[in-house]
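Full structure from sequences and hints, please.
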Amino acid sequence: MPPPRESSPGLREVQAAFGRGLCDDSIDGDDMQVLAPDAGAPAFDAQFDVYRNNAWQFFLAALERTFPVLQKRVGQEFFRRLTREYRAQHPSRRGDLHWAGAAFPAWLAVRLAGTGYQWLADLARLEWACEESVAAAQSPALSIGQLGAIAPDALAQVTVRFQPSLSTVDSPYPVWTVWQANQGDDSDSGPTDLAQGGEHCVVACVADRVSVYRLDPADYRLLQRLHAGECFGDAIASARVDAGVLARLLAWAFSEDLVVGISPTAPG
Amino acid sequence: MTGEASIASVNCDPVPARAGIGLRSQHHESILTASPRPAWIEAHTENYFHAGGPAVRALEKARELYPLSLHGVGLGLGSADPLDREHLGRVRTAVHRFAPALVSEHACWAHVDGRHYNDLLPLPYTEEAVEHLSARVREVQDVLGRQLLIENLSAYVSFAESQLSEGEFLAAVVERSGCGLLLDVNNAYVNASNLGLDLGAFFDAVPPRAVQEIHLAGHSRRRVGGRELLIDDHGSAVCAEVWELYAHAIRRFGPVPTLIEWDNDVPALDVLLAEAARADRLLEQAHAAAA
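So the protein lines, in turn, are chains A and B.
Note that my numbering numbers the first sequence so that position 58 is 62, with each residue one more than the last.
Note that my numbering numbers the second sequence so that position 200 is 229, with each residue one more than the last.
Misleading hints may appear alongside valid ones.
What the hints assert, rightly or not - Rough simulated footprint, nothing fancy, chain A against chain B, three-plus residues with beta-carbon under 8 Å:
#1 113-121
#2 142-150
#3 155-169
#4 184-196
#5 203-212
#6 234-247
#7 256-263
If you're looking for bench data, these hints aren't it; they were derived computationally from the structure.
Note that the coordinates shown come from a computational prediction; the quantities given were computed from them, not determined experimentally.
Even glycine gets a Cβ: it sits at the ideal position worked out from N, Cα and C.
As structure tokens, this is what we get:
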């Protein structure tokens, strides 16, 4: 082993220089000399490139896994360009790359503002909701019969709890239609007709399968109120819907195994 | 089930000194009905951090049948930045939940100045790095309440500052932290080719009783900068030279649990099981020689 140099860099200095080299392909050999005297030589640079490539590919792969529909819509080349820009501003901060895409939808909203493609940020928001949904805990679903056991005059005070994986995404763009049309390897929805208007989506994972539902505006408003913990009576009032909407929404939610808690429960 | 819960039914056997395979999503179903069965399975800890989802469910099912080793890739134990306590907490939760017989991580760093590179980056083999890594390993062992195995890396660059050989470095970390070693034979082979690691000296320096698990994997060859570089990509079968080195390793260190590690271009389960059977034949010979 060679003797250490007169002024040896410490561990932090070595790692900081290594990190700078990983981030910047154009960094010159002088900065990397802290790593090895032959830094900057073709052989060293080529070997160091293995690490540069790994750091980039791992990050890219994480976003490709999380946003497959977005990638399909914008094409691989543009997706990579966006990912490179995003990574420069939002590098990974954790040892688990699952979270690498958390800020991507909000970043896209700024990056694409005013371009005519800002709807892609909402599509990304929907895909991130799917990612979070699949990672959430799943609870045993209740049947609508358990609701039927509660006295009718007590129903207004009842609250329901939904699957922990349930979340809501609404957009002024038809993101559910785009998402739905791009499921499967060879699917392609073709050009997106933004004129068809906004959509209200509910994402949930049941039995390890993520589903994305499209709700009409009234159902969606009511579900949001119930999801926020309001009792039936308050939710109907704040969502400005009638009891028929509540009955329809609950029938759907129970049939999809989305309801996991009822409070207060029926006596006995 | 919450992330803190432990699963109801687990195979409580220790990981035997036989061949196991890595659990990959492609085999979540087939591993449950595999015939013959691998002796044990290994899973990447970070893939099972979530409260729910198909991967977690698959490991819960597989855990009922197989002894388990949890292998972490994200702690970056040698990083100069502070230890990521949130990540460590998730490792602790996974260890509690899946009750593995072995828990391992790498002799590497991964993050600096708040930025994570999500790779297994090499450390300079210095006294400072030995002390730093040993302190981190002790800290993790204290939090987990158990011994950690530390794996030797494959590397593509070495550092001018290194004062120790790789084997001496690992031996010092074992001595100061009380950890065990996960010896990746393919990594040692890759380092011999890429960086001129003296395999004889490496094996001599590694304390034999510390080696509690071995990894075997494939690598690819790439021409870069006018020379051939071996890339530890876990995307192919174990090569003849690594099998030979493995036979030498278990003669020196004794028969220990051995993993067929194939993470990219994952083949059919039968292919993995055939590789595991080959390792098992060598392990049987080592068992017989040790008897």
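Structure-based check of all given hints:
1. Here's how the region 113-121 of chain B fares: 4 of its residues keep a CB closer than 8 Å to some CB of chain A, so the rule of at least three is met and the hint holds.
2. As drawn, the region 142-150 of chain B meets chain A at 8 residues by the rule of a beta-carbon pair under 8 Å; at three or more, the given contact holds.
3. Check result for the region 155-169 of chain B against chain A: holds, 4 residues qualifying (beta carbon to beta carbon below 8 Å, three or more required).
4. Under a criterion of three residues with beta carbons nearer than 8 Å to beta carbons of chain A, the stated coverage of the region 184-196 of chain B is upheld, 10 such residues being counted.
5. Look at the region 203-212 of chain B against chain A: 0 of its residues bring a Cβ nearer than 8 Å to a Cβ of that chain, fewer than three, so the hint is violated.
6. Beta-carbon proximity to chain A at under 8 Å applies to 0 residues in the region 234-247 of chain B; the threshold of 3 is not reached and the given coverage is violated.
7. Remark: the region 256-263 of chain B is confirmed as covered by chain A, as 3 of its residues place a Cβ nearer than 8 Å to a Cβ of that chain, reaching the required three.
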